[in-house]
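J.: Make the full structure from the sequences, and use the hints.
One line per chain: the protein sequences are L and C, in this order. For the first sequence, the working numbering puts the final residue at 404, and the numbers step up evenly by one. For the second sequence, the working numbering puts the final residue at 193, and the numbers step up evenly by one.
Keep in mind that the hints were calculated from the coordinates and are not lab data. Do not take every clue at face value.
So the derived label-pair ranges between C-beta atoms look like this [stated by the list, open to error]:
| # | chain 1 | residue 1 | chain 2 | residue 2 | range |
| --- | --- | --- | --- | --- | --- |
| 1 | C | Asp-153 | L | Lys-200 | 46 to 56 angstroms |
| 2 | C | His-21 | L | Thr-263 | 41 to 51 angstroms |
| 3 | C | Glu-19 | L | Thr-381 | 38 to 48 angstroms |
| 4 | L | Gln-193 | C | Glu-7 | 22 to 32 angstroms |
Computed list of lysine to aspartate or glutamate pairs in DMTMM-like fashion (alpha-carbon distance at most 25 angstroms, straight line) [what the hints assert, rightly or not]:
| # | chain 1 | residue 1 | chain 2 | residue 2 |
| --- | --- | --- | --- | --- |
| 5 | C | Lys-109 | L | Glu-221 |
| 6 | C | Lys-148 | L | Asp-301 |
| 7 | C | Lys-109 | L | Asp-222 |
| 8 | C | Lys-10 | C | Asp-46 |
| 9 | L | Lys-62 | C | Glu-38 |
| 10 | L | Lys-48 | C | Asp-131 |
| 11 | L | Lys-178 | L | Glu-105 |
| 12 | L | Lys-220 | C | Asp-46 |
| 13 | L | Lys-331 | C | Asp-26 |
| 14 | C | Lys-148 | L | Glu-61 |
| 15 | L | Lys-324 | L | Glu-65 |
| 16 | L | Lys-97 | C | Asp-26 |
| 17 | L | Lys-97 | C | Glu-19 |
| 18 | C | Lys-88 | L | Asp-50 |
| 19 | C | Lys-109 | L | Asp-50 |
| 20 | C | Lys-88 | C | Asp-26 |
| 21 | L | Lys-62 | C | Asp-95 |
| 22 | L | Lys-331 | L | Asp-301 |
| 23 | C | Lys-88 | L | Glu-96 |
| 24 | C | Lys-88 | C | Asp-15 |
Small disclaimer: the values here were computed from a predicted structure and weren't measured. Note that CB positions come from ideal geometry on N, CA and C, so glycine has one too.
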Amino acid sequence: MEPLDRDLEEGLLELPSEPMMLNMGPSHPAMHGTVRIVLELSGEMIQKADVQIGYLHRGFEKMCERGTWSQIFPYVDRCNYVSPMLNNVGFALAVEKMLGVTVPERCQYYRVALGELARICDHMICSGAMCMELGAFTPFLYFARAREIIWDIFEEETGARVTHSFGRVGGMANPPTKYFKDMVRAGVPRVLQLISEGEKLLLKNRIFLDRLEGVGVMSKEDALALGWTGVVLRASGVPYDVRRAHPYMVYDRMEFDVPVGTTGDNYDRFMCRQEEIRQTARIIEQALDQMPDEGPINIDDPRIVLPPKQDVYTTIEATIQHFKIVMEGIKVPAGECYSYTEAGNGELGFYLVSDGSGTPYRVRIRPPCFATTQGLEQLITGLMIPDVVPTFGSLNMIGGECDH
Amino acid sequence: MSKRVLEILKSKFGDDIYETHSQFGDDTAVVNPQRWREIARFLRDDPQCAMNMFVDLTAVDYLGRQTPRFEVVLHVHSLERSHRIRLKARIGDDDANGVEIDSVVSVWKGANWFERECFDMFGVNFKGHPDLRRILMYPEFVGYPLRKDYPADKTQPLVELRNVPDKLPPFSTDEGMPFGRQTHDYPRGEETN
Numbered sequence: 001m002e003p004l005d006r007d008l009e010e011g012l013l014e015l016p017s018e019p020m021m022l023n024m025g026p027s028h029p030a031m032h033g034t035v036r037i038v039l040e041l042s043g044e045m046i047q048k049a050d051v052q053i054g055y056l057h058r059g060f061e062k063m064c065e066r067g068t069w070s071q072i073f074p075y076v077d078r079c080n081y082v083s084p085m086l087n088n089v090g091f092a093l094a095v096e097k098m099l100g101v102t103v104p105e106r107c108q109y110y111r112v113a114l115g116e117l118a119r120i121c122d123h124m125i126c127s128g129a130m131c132m133e134l135g136a137f138t139p140f141l142y143f144a145r146a147r148e149i150i151w152d153i154f155e156e157e158t159g160a161r162v163t164h165s166f167g168r169v170g171g172m173a174n175p176p177t178k179y180f181k182d183m184v185r186a187g188v189p190r191v192l193q194l195i196s197e198g199e200k201l202l203l204k205n206r207i208f209l210d211r212l213e214g215v216g217v218m219s220k221e222d223a224l225a226l227g228w229t230g231v232v233l234r235a236s237g238v239p240y241d242v243r244r245a246h247p248y249m250v251y252d253r254m255e256f257d258v259p260v261g262t263t264g265d266n267y268d269r270f271m272c273r274q275e276e277i278r279q280t281a282r283i284i285e286q287a288l289d290q291m292p293d294e295g296p297i298n299i300d301d302p303r304i305v306l307p308p309k310q311d312v313y314t315t316i317e318a319t320i321q322h323f324k325i326v327m328e329g330i331k332v333p334a335g336e337c338y339s340y341t342e343a344g345n346g347e348l349g350f351y352l353v354s355d356g357s358g359t360p361y362r363v364r365i366r367p368p369c370f371a372t373t374q375g376l377e378q379l380i381t382g383l384m385i386p387d388v389v390p391t392f393g394s395l396n397m398i399g400g401e402c403d404h
Numbered sequence: 001m002s003k004r005v006l007e008i009l010k011s012k013f014g015d016d017i018y019e020t021h022s023q024f025g026d027d028t029a030v031v032n033p034q035r036w037r038e039i040a041r042f043l044r045d046d047p048q049c050a051m052n053m054f055v056d057l058t059a060v061d062y063l064g065r066q067t068p069r070f071e072v073v074l075h076v077h078s079l080e081r082s083h084r085i086r087l088k089a090r091i092g093d094d095d096a097n098g099v100e101i102d103s104v105v106s107v108w109k110g111a112n113w114f115e116r117e118c119f120d121m122f123g124v125n126f127k128g129h130p131d132l133r134r135i136l137m138y139p140e141f142v143g144y145p146l147r148k149d150y151p152a153d154k155t156q157p158l159v160e161l162r163n164v165p166d167k168l169p170p171f172s173t174d175e176g177m178p179f180g181r182q183t184h185d186y187p188r189g190e191e192t193n
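T.: This is the structure we're talking about:
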């Protein structure tokens, strides 16, 4: 019988010397089902990567040119299905900028509070999903439980758990419910506690840290040139937060810190995100304290805001108003504007062109993760295949937004 | 604040800045497409402009409203000086001839995917782009969906299976079956005994 451990001359072995092509995704658990990466490998090292997106393209911008301005709200919801409230508010602010109106103070606080709740959700799910892709399933369950608390608040406020379509031009769909403040005050500490518990499972885990620290480093200059914004940019050491640099709504009255990383690796991105959740909780607290309990939520302009349903059914003026807004749409002055807000994963911009009619001429969304994802190629070149998973996870790519 | 950027641009490039406005507070300059990249580079390198952050690049189709038909729109931001500017260039005639402009990837690398998207959606040809191919649509897609003369309900031809040598079907015959198939397939005879 032949011995199994035959001595082989190294030189006689025919090892493949050509680079190997490997297809990762779109049906790969770590690619969120929407990204395909074609890798050129030398051994396990990635020599070249081609990131391909577009698997979730739904023609958002084309659809927007076919309806009225208010009909876009459901679409922006579905662009970022992790923090739809921030997108709602971002779009509402863009149209309001063109109309030249500012919503009442109470509404601004309400938008801030709801938006920040959505931001907690967004960061938490990104971190949780990243852990899950690395094999740590339990923290995700902690985070999912925390998200449940926030979603319950949203359900109570808006009637929907995920895609609320709650924003309106010139206000919100409904005023805050009677128990809004109490619900949030009771919910947020519980959320923070669950996050801390989930974090404890991760931050002393050698495997988790080894796969994050020093992996996927992005320099400050490159991050800027690539158009990175949000947490990923701050993790690279640039303290740019739209809420701080160009405050909109009432963010200039809020006291919060902007967490900044030092090396710009996966660990920094993870930690910045976790810290930002805590800062966000601070903002929510302040917003609730400062938010008036009484007062209008919508602006007082019958050309923009729908009249109350009660009036629509009983008076002819309100019926006409309602009809004109629904059928013709809000008349936005002709021109162009770019409005930007800090969304869950960076600067969410809307470039709107109006021709003065009730239908937008062009709606351009500047999705933050589109710019982020294009940096992935640079990040993973030179790394190993297992490093792709945490690197991609830490970028917080949202397919709906990235692919428009 | 950023009004000054427009002044600097006007004094530096003179007649190549066709028009400027600051509608809704956004400073905008319409520039000569021939000098697109040059102006972009100036905006990045000039210490008074210092536009080091790439924000957005897109296009708008003004078919039947304006000639040249397309407007390429670039937004950039300066982190240190905290100002923004919108740069626009008008290109292409009504039959979509001459829809081309210099690429600014060499100025900001972030423009890469944004220019690819713009090419994909509007058919704008960016000269000097390192890798200009479709990004959101598939390679066989016919037409440019965001142009105003592309009907929103247009259907696309079916795509043939791409002819790649040695291509295998996604699953071989025994893949994709329930994992328990073999273990559950025990002989019937023993069971009845």
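J.: So, for every hint listed, does it hold in this structure?
T.: Consistency of the hints with the structure:
no., hint, verdict
1, C:Asp-153 / L:Lys-200: 46 to 56 angstroms, "holds (54 angstroms)"
2, C:His-21 / L:Thr-263: 41 to 51 angstroms, "holds (42 angstroms)"
3, C:Glu-19 / L:Thr-381: 38 to 48 angstroms, "holds (43 angstroms)"
4, L:Gln-193 / C:Glu-7: 22 to 32 angstroms, "violated (54 angstroms)"
5, C:Lys-109 / L:Glu-221, "holds (11 angstroms)"
6, C:Lys-148 / L:Asp-301, "violated (33 angstroms)"
7, C:Lys-109 / L:Asp-222, "holds (8 angstroms)"
8, C:Lys-10 / C:Asp-46, "holds (14 angstroms)"
9, L:Lys-62 / C:Glu-38, "violated (32 angstroms)"
10, L:Lys-48 / C:Asp-131, "holds (14 angstroms)"
11, L:Lys-178 / L:Glu-105, "holds (18 angstroms)"
12, L:Lys-220 / C:Asp-46, "holds (20 angstroms)"
13, L:Lys-331 / C:Asp-26, "holds (20 angstroms)"
14, C:Lys-148 / L:Glu-61, "holds (12 angstroms)"
15, L:Lys-324 / L:Glu-65, "holds (19 angstroms)"
16, L:Lys-97 / C:Asp-26, "holds (11 angstroms)"
17, L:Lys-97 / C:Glu-19, "holds (22 angstroms)"
18, C:Lys-88 / L:Asp-50, "violated (30 angstroms)"
19, C:Lys-109 / L:Asp-50, "holds (16 angstroms)"
20, C:Lys-88 / C:Asp-26, "holds (12 angstroms)"
21, L:Lys-62 / C:Asp-95, "holds (20 angstroms)"
22, L:Lys-331 / L:Asp-301, "holds (12 angstroms)"
23, C:Lys-88 / L:Glu-96, "holds (23 angstroms)"
24, C:Lys-88 / C:Asp-15, "holds (15 angstroms)"
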